[in-house]
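*Asks:* Sequence:
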Amino acid sequence: MSSKDKKVESIRNKLNESAKKLKGENATFFDDLRDYLITSSIFYDELDVTEQTYNVCIDLIEAQENGQTAQEYFGKNSRRLADSMIKNFKHAGYREIIELIMLPIGIYWAISFISDFAATGPLKINIFEYLLIALLSVGVVVVVFKTIHKFIYLNENNLVRKSKVIQFIIGTIFFGCIIGVFLAISMLTPPIWIIKLTYPGDVILMLTIIAIFLGWIIIGKKRELYSITPFIVLMAAVGILQRIPVLLAIVGSNNIKFLAAGAAIGGFLINIIWGRIEMKKITRN
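When we follow numbering that gives the first Met the number 0, the leftmost residue of the sequence shown carries the number 0, and every step to the right adds one.
Hints were generated in silico from the structure; no laboratory data involved. Every value quoted in this text rests on a predicted model; they were computed, and no experiment measured them. Heads up, the beta-carbon is just placed ideally off N, CA and C, and yes, glycines get one too. A few of these clues could be false.
[Unchecked claim] With a straight-line Cα cutoff of 25 Å, these simulated BS3-like cross-link-like pairs (lysine-lysine) come out:
| id | residue 1 | residue 2 |
| --- | --- | --- |
| 1 | K22 | K163 |
| 2 | K145 | K221 |
| 3 | K145 | K163 |
| 4 | K75 | K145 |
| 5 | K5 | K22 |
| 6 | K5 | K89 |
[Unchecked claim] Restraint ranges, calculated between C-beta atoms of paired labels, are given here:
| id | residue 1 | residue 2 | range |
| --- | --- | --- | --- |
| 7 | F42 | F267 | 30 to 38 Å |
| 8 | G179 | K19 | 38 to 46 Å |
| 9 | F144 | V180 | 15 to 23 Å |
| 10 | I218 | L99 | 55 to 63 Å |
Required output: the full structure, derived from the provided sequences and hints.
*Replies:* Dropping the structure here:
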């Protein structure tokens, strides 16, 4: 973790602790403002966004201690305040932007590669398919950020804002469509620019990627990605089993497809359950 990342984490921790002091309408005002600022763009400087959000929180706490509400101190139009702050945010550097773009791409590539590895036969990597996945993964992140950003200041009587059920249904449909598009890309992409790897090169490459990916998650303390590690490990294990002759003889070639299905379903369920637990912890903090 770089010195800048450590500073961001330090300020964010202080921000979370300070925000707990806000009460009632002040807390609601600040929560909406913070969410709106954070989702304004993935291409703003994270340190600048966090610092300015923290300063607003401190100002609001002082106003609260003096008997003022957020609307009395900042004005009734919190969205106008947020928009004026966003205009003054610093843009992220090129290195940070590249890292932000490569993060979702790397995750989706890792999942796609492991899924290809778990399939029977020689490991085939369709470069064209991976390029399409890269474009889609970046698009998904941008759409999610913009959608959340637009939803924050919806009218309080808006059904989408009022109903958790409607929010859940919309979210489920959206992510269901995304999964469908990914599956369509995987199944329908023509075999262009194919790279074929055979044993033992495929196993060595898989173990290297797993070590790098898990090391990055654990050493970097990427809590939001912990839940995906069982899926990655289980699917990789199935791929390794069917590629090492001795292990394949023990397991049986006819049982591999059942192991692959079990690993995919088990890893997915663990990801959902563990992911919800981790997100609740992150939200609570």
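*Asks:* Next, verify each hint and record whether it holds.
*Replies:* Hint-by-hint comparison with the structure:
no.: 1; hint: K22 with K163; result: holds, 22 Å
no.: 2; hint: K145 with K221; result: holds, 23 Å
no.: 3; hint: K145 with K163; result: holds, 19 Å
no.: 4; hint: K75 with K145; result: holds, 23 Å
no.: 5; hint: K5 with K22; result: violated, 29 Å
no.: 6; hint: K5 with K89; result: holds, 19 Å
no.: 7; hint: F42 with F267: 30 to 38 Å; result: holds, 31 Å
no.: 8; hint: G179 with K19: 38 to 46 Å; result: holds, 40 Å
no.: 9; hint: F144 with V180: 15 to 23 Å; result: holds, 18 Å
no.: 10; hint: I218 with L99: 55 to 63 Å; result: violated, 19 Å
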